[in-house]
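**Q** If you want the building blocks of each chain, they are given just below.
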Amino acid sequence: MKQEEQFARLVREHKSTIYTVCYMFSQDEEEVNDLFQETLINMWKGINSFREESKISTWIYRVALNTCLLQERKKKKEVKKVPLTMDVNFFEDNDANSQQVRMLHQRIGRLGLVDRALVMMWLEGMSYDEIGAVMGLSAQNVGVKLFRIKEQLKKN
Amino acid sequence: MEEMNFEELRNQYAILKDQLNKQEIVNDCLIRETMRFRKKEINTTKKTAYIAVAAVLLIYPYLYINHIWSLAFIIVTCLMMLFCLVATLYIHRPVDRLNFMRDDFSTVARVMAKFKKQYDNWLHYVAPALIIPWLSWACYEYAFKNSIEGVSPLLLIIPLIVGAVIGGFAGYRLHCKAVNAAQDIIDEIENVEMGE
Chain A
1 MKQEEQFARL
11 VREHKSTIYT
21 VCYMFSQDEE
31 EVNDLFQETL
41 INMWKGINSF
51 REESKISTWI
61 YRVALNTCLL
71 QERKKKKEVK
81 KVPLTMDVNF
91 FEDNDANSQQ
101 VRMLHQRIGR
111 LGLVDRALVM
121 MWLEGMSYDE
131 IGAVMGLSAQ
141 NVGVKLFRIK
151 EQLKKN
Chain B
1001 MEEMNFEELR
1011 NQYAILKDQL
1021 NKQEIVNDCL
1031 IRETMRFRKK
1041 EINTTKKTAY
1051 IAVAAVLLIY
1061 PYLYINHIWS
1071 LAFIIVTCLM
1081 MLFCLVATLY
1091 IHRPVDRLNF
1101 MRDDFSTVAR
1111 VMAKFKKQYD
1121 NWLHYVAPAL
1131 IIPWLSWACY
1141 EYAFKNSIEG
1151 VSPLLLIIPL
1161 IVGAVIGGFA
1171 GYRLHCKAVN
1181 AAQDIIDEIE
1191 NVEMGE
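Residue numbers (my numbering), protein chains in the order written: chain A, 1 to 156; chain B, 1001 to 1196.
Okay, chain A solo, but in the shape it has when bound (with noise of 0.2 angstroms):
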């Protein structure tokens, strides 16, 4: 399969995952657009660095939160800016739905950086280990952590 076709299926099968690293590191709309584009520009550098010996779901989460830490916010003016088809917008909309995501994002966003990503993934349900493996901690920290931040969220 040429790499173009394995990349493009890759974003599709991923995409959700994708935004919702992009949706939790986000204040508004326009934010989450150009996070998820930046996120799939570096899943395209770097599609020949990543070795089949972690998941891929791994890598993915990697490449999206090293790019939510570090994204400067300044516009690229090379990139060409092109929405995402999304027939919702979590920011505005008043359904029941967009409302508990809402509250799910206003609860996640009291965190500072790195527990927002750690609390992330735990609910994403992937193990300490994997955890571990995405921000660099061991698995016993990743629990020692994660104990820390739900007592934070239980005050909240």
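Just so you know, the hints here were simulated from the structure itself, not pulled from any lab data.
Given the structure is predicted, the values throughout are model-derived calculations rather than measurements.
Warning: the hint list may mix true and false statements.
The list that follows gives simulated cross-link-like pairs (lysine-lysine, DSS-like), each with its CA atoms no further than 30 angstroms apart [to be verified]:
(1) Lys55/A - Lys1022/B
(2) Lys2/A - Lys1117/B
(3) Lys1117/B - Lys1047/B
(4) Lys15/A - Lys81/A
(5) Lys15/A - Lys55/A
(6) Lys2/A - Lys81/A
(7) Lys15/A - Lys45/A
(8) Lys1022/B - Lys15/A
(9) Lys45/A - Lys1117/B
(10) Lys1145/B - Lys81/A
(11) Lys155/A - Lys81/A
(12) Lys45/A - Lys1114/B
(13) Lys55/A - Lys1017/B
(14) Lys81/A - Lys1017/B
(15) Lys15/A - Lys2/A
(16) Lys45/A - Lys1145/B
(17) Lys150/A - Lys15/A
Reference listing, derived: stretches of chain A covered by chain B, where coverage requires no fewer than 3 residues with Cβ under 8 angstroms from a Cβ of chain B [to be verified]:
(18) 12 to 19
(19) 40 to 46
(20) 60 to 66
(21) 85 to 94
(22) 103 to 116
(23) 129 to 137
(24) 140 to 154
Don't be surprised by glycine CBs; every beta carbon is placed ideally from N, CA and C.
Starting from the known structure of chain A, fit chain B onto it as the hints suggest.
**A** Showing chain B alone in chain A's frame:
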């Protein structure tokens, strides 16, 4: 109550995923635009440093020929610019080595935070230590050695001072923006290290 809290969080997350799975999100145009990026982007700061050094190395000998500044000043200026270029490359080196796609979150953030801190030190300590004596020397050479009869040397150095202030202010603003943006990351990394 506690379990309900997390159950609610999980349910909200499930709603988000469910909603997203119903969306197209990515379209062909977006994927095509993404795949235009193949070549490695050259860092803007490094590009600016290369251009500045090239400009100085080309312009200063011309100024010497026109007897505006002394040979000693021109040599020192060229050496200073080369030193700045080497320092810029040195500060960028860990970032260039970073594999954005393979390195974990903490490593990437730690390297970036260190990079920003070094840049901060460069701005607050090294840059003034270089620029203040250099600018004083430039003013002296320009105004007093090339004095025009009937014109106060102080008037001659005004354009130099104004240019330096505008340039310095613009550079400082740009730099502060980048360093402030990194402050959150630095705090986060300190928290991670404390938790280890």
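**Q** For each hint, tell me whether it holds in the structure or not.
**A** Hint check:
1. For the suggested pair Lys55/A and Lys1022/B, the alpha carbons sit about 24 angstroms apart, so the restraint of at most 30 angstroms is met.
2. Pair hint Lys2/A plus Lys1117/B does not hold up; C-alpha atoms about 43 angstroms apart against a cutoff of 30 angstroms.
3. For the hint linking Lys1117/B to Lys1047/B, the alpha-carbon distance of about 20 angstroms falls within 30 angstroms, and the restraint holds.
4. The hinted pair formed by Lys15/A and Lys81/A meets the criterion: a straight-line CA distance of about 17 angstroms does not exceed 30 angstroms.
5. Restraint check: the Cα-Cα separation between Lys15/A and Lys55/A comes to about 16 angstroms, which is no more than 30 angstroms; the hinted pair holds.
6. A threshold of 30 angstroms between alpha carbons decides the hint, and for Lys2/A with Lys81/A the separation of about 25 angstroms falls inside it, so the pair holds.
7. Simply put, Lys15/A and Lys45/A have alpha-carbon atoms about 17 angstroms apart, close enough for the 30 angstroms limit, and the pair holds.
8. With a C-alpha separation of about 11 angstroms, the suggested pair Lys1022/B and Lys15/A falls inside the 30 angstroms cut-off, and the hint holds.
9. Our distance criterion of 30 angstroms between C-alpha atoms is met by Lys45/A and Lys1117/B, whose separation comes to about 27 angstroms.
10. With a C-alpha separation of about 54 angstroms, the suggested pairing of Lys1145/B with Lys81/A is violated against the 30 angstroms cut-off.
11. With a C-alpha separation of about 40 angstroms, the suggested pairing of Lys155/A with Lys81/A is violated against the 30 angstroms cut-off.
12. Under the criterion of a C-alpha separation no larger than 30 angstroms, the hint pairing Lys45/A with Lys1114/B is consistent with the structure, at around 24 angstroms.
13. The straight-line distance between the Cα atoms of Lys55/A and Lys1017/B is roughly 20 angstroms, inside the 30 angstroms bound, and the hint therefore holds.
14. For the hint pairing Lys81/A with Lys1017/B, the CA-to-CA distance comes to about 25 angstroms; that is within 30 angstroms, so the pair holds.
15. For the given pair, Lys15/A sits about 20 angstroms from Lys2/A by alpha-carbon distance, which is consistent with the 30 angstroms threshold.
16. Using a Cα cut-off of 30 angstroms, the hinted pair Lys45/A and Lys1145/B is violated, with the two alpha carbons roughly 55 angstroms apart.
17. As the CA atoms of Lys150/A and Lys15/A are separated by approximately 27 angstroms, the hinted pair is consistent with the 30 angstroms bound.
18. For the stretch 12 to 19 of chain A, the stated coverage by chain B is satisfied: 4 residues place a CB nearer than 8 angstroms to a CB of that chain, which reaches the threshold of 3.
19. Against chain B, the stretch 40 to 46 of chain A contributes 7 residues with a C-beta closer than 8 angstroms to a partner C-beta. That satisfies the three-residue criterion, and the hint holds.
20. Under the rule that three or more residues need a Cβ within less than 8 angstroms of chain B, the assignment of the stretch 60 to 66 of chain A holds, with 4 such residues.
21. Counting residues of the stretch 85 to 94 of chain A whose beta carbon lies closer than 8 angstroms to any beta carbon of chain B gives 5, which reaches the threshold of three, so the coverage claim holds.
22. Closer than 8 angstroms: that is the beta-carbon criterion, and the stretch 103 to 116 of chain A has 6 residues meeting it against chain B, so the requirement of 3 holds.
23. Counting residues of the stretch 129 to 137 of chain A whose CB falls under 8 angstroms from any CB of chain B gives 5; the rule of at least 3 is met.
24. Counting residues of the stretch 140 to 154 of chain A whose CB lies closer than 8 angstroms to any CB of chain B gives 7, which reaches the minimum of 3, so the coverage claim holds.
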